[in-house]
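Engineer: Take the sequence shown: its position 54, counting from 1, is numbered 1254 in this note's numbering, and each next residue is one higher.
To be clear, the hints were calculated from the coordinates, so they are not data collected in a lab. The reader is advised that the hints may include incorrect statements.
As the list claims (entries may be wrong) - Taking CB as the label site, the calculated pair distances span: (1) Pro1838 - Pro1268: 37 to 45 Å; (2) Val1378 - Trp1576: 43 to 51 Å; (3) Leu1700 - Leu1223: 36 to 44 Å; (4) Glu1407 - Val1241: 53 to 61 Å; (5) Val1665 - Leu1822: 54 to 62 Å.
Even glycine gets a Cβ: it sits at the ideal position worked out from N, Cα and C.
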Amino acid sequence: MTTTTLAALVPLLPFLGAVATLLLGRRSPGMVQPLAVLPAVAAAVLAAVVAARQGGDEPVTAATELTPTGSVPIDLALHLDGMAVLVAVLVGVVATCVQIYSTGYLRDDPRYASYAALVSLFTAAMLLVVYSGDLLVLLVGWEIMGICSYFLVGHYWDTEVARAASLKAFLVTKLGDVPFLFGIFALASEAGTFRISGILTAAGSGEGLAHPTLIALLLLAGVAGKSAQFPLHTWLPDAMAGPTPVSALIHAATMVAAGVYVVARLLPVFAASAAALVVLAVMAAVTMVGSALAALAQDDIKRVLAYSTVGQLGYMTGALAVGSRDAAVFHLLSHGAFKALLFLAAGVVIHAAGTNSLAAMARMGGLRARVPDAYWTMTAALLALAAVPPFAGFFSKEAVLGAAEAAITGHGATGHGIPGAAAWTVLVAGLAGALLTAAYAARLWLLAFHGRGEPVPDHGRQPVVMNAVLWLLLVPTVAFGLTVWTLPDWLGGHDLTPTLTTTVLGTGLALVGMAATYAAWKQTAGLAARVPAGAVTAHPGEEPALTEAEAEASHEAVYGSPAEEGTPASGAAPDGTATDPGRILLGPALYRHAGSGFHVDALYAALFVRPVRAAARLVRFLDREVVDTYVRGAGTAPRLLGAAVRRAQTGNVQSYLSALLGGALVLAVAVVVATTSVTGG
């Protein structure tokens, strides 16, 4: 087979697997797991073969016109360069791990067939985005991922928290997709084509694009929604109401990575506008720092990881803001490995602890002994997240900081033509994020695995496949950083090795953050063990998915919120002393604000939700009391007239004769009077 044929099969196989699972899931339940796992495995293998054949050389392209449009053509096009084939391998590997993990995590779920089909469709849609050489075809995959996320986040639709989270994820991402669509049309109109290669040629030509800033900002709105960047980031923490494998898929290899991938693919369009790069840098900086502060105050272990994803995506967009596609994609690949591991390990921990609350885990003893596989693999993944050498996250994060330094000094291929304000913003925010990231990673590790108190109740052993997937993902988490010397050959050829300045500063700040968190934890650990934390909601013997669903649904009712004083999640004992190291590091006031995500949701509710609801109530009032009044009147008047006429129709002949004679008499009198008046005149 040719390389293009193999590439076409990569997204096609998961799509066919999704269709087959939906058709056969109810009739043949035993076929669901093979139909879920085998297409994902085959897609991952074929993606690796395509990557090996492409080898980082010149892009491989193929196209056929879908339909004549009379103006800008729409092509079913493949564009296989080093970036595309590597990201496709990431998607295939993570999707395979998620499908295998899910066979154990949702082994008794009655809706597993639909879940597995949606995961396969989700995977196919992301692979379509990665391989597509036409923006409209890319948009198809982009939107399919949106609807898949709606159904998967709302998998536990019988709980209010899941229904609300799925609706929020859909609406917020659609809010960004509208300007994104206009941006695609504007870009195609100016470039004369939807083909990505043609657009890049037009953007790099002497004439360039007529309105690069407008186009870049329109596209950026969609990217902010899909990749959960400020200010459209609020859906991602709430999306943790979905099953843990879904969280791993969304955060590591699909949906949120799609926005970063599109900017990387169209980077010359953004680079044509200095204003767009500055906006991108500011967005990345606010996202990096704000999400890290919020993560430091979360009680739900998955929400900590969700805010972590938001911040790490901020590093990727920050790298793009300083013109380094290579560093952004490097961090995308590295982050995909260790973030998938973090979420899947968190699923094991939640099942073993019977809760997703870090406040409760801090009051439990022996959790790490109960889940040794999750403990060791999650420890490595948290070190990668904190960018501690020699783990993968260290090399990829230093590549981002090094790109910002190069943009400031004007050295290197990415240092020319980048606004100094953008470069300084990314570098300073990146260093601050390194400090805060290490702090919340250390906090999660200490609270989850080093609690003091009664032994953890036994909720049963985790399925073997779940632990096996953790060890599989450990390999790239530990070793992927070693590709720093060969990866440039697959990307743009720019050096990605850490520089001395950013390495010393970034690693030093990370160590400071970890040390400060450990010192704060030492002050709080003893007190936390003596403070009741509420009920552990899950029951022994439940499957992992049911444990998580019950924990998610009851978390706020049982443990409260960090923003609410007097609750276990608030990080304070009844006397006001701190029981959470995050509360010491941030201070009580900042801790409360960070715990609520700095009230961005409340701001949106005040600015958008309440006015829209008020307008809806007004429209409903006008419809019922004004419009319906006219409609009801149009029917009431004839009805009343008919009722009056009906009363006269008594069926009594004497009444009819009396009325006839009376009427004749009235007419006669009227004629006489009229005649007299005329004669007298």
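Engineer: Now tell me, hint by hint, if it's right for this structure.
Structural biologist: Evaluation of the provided hints:
A C-beta distance of roughly 55 Å is found between proline 1838 and proline 1268, which places it outside the suggested range of 37 to 45 Å. For the pair valine 1378 and tryptophan 1576, the beta carbons lie near 45 Å from each other, so the given range of 43 to 51 Å is met. For the hinted restraint 36 to 44 Å between leucine 1700 and leucine 1223, the CB-CB distance of approximately 58 Å leaves it violated. Between glutamate 1407 and valine 1241 the beta carbon distance is about 47 Å. The supplied range of 53 to 61 Å is therefore violated.
Range check, valine 1665 to leucine 1822: Cβ separation about 58 Å, and the 54 to 62 Å hint holds.
Checked against the numbered hints listed earlier, the structure breaks hints 1, 3, 4; every other hint is satisfied.
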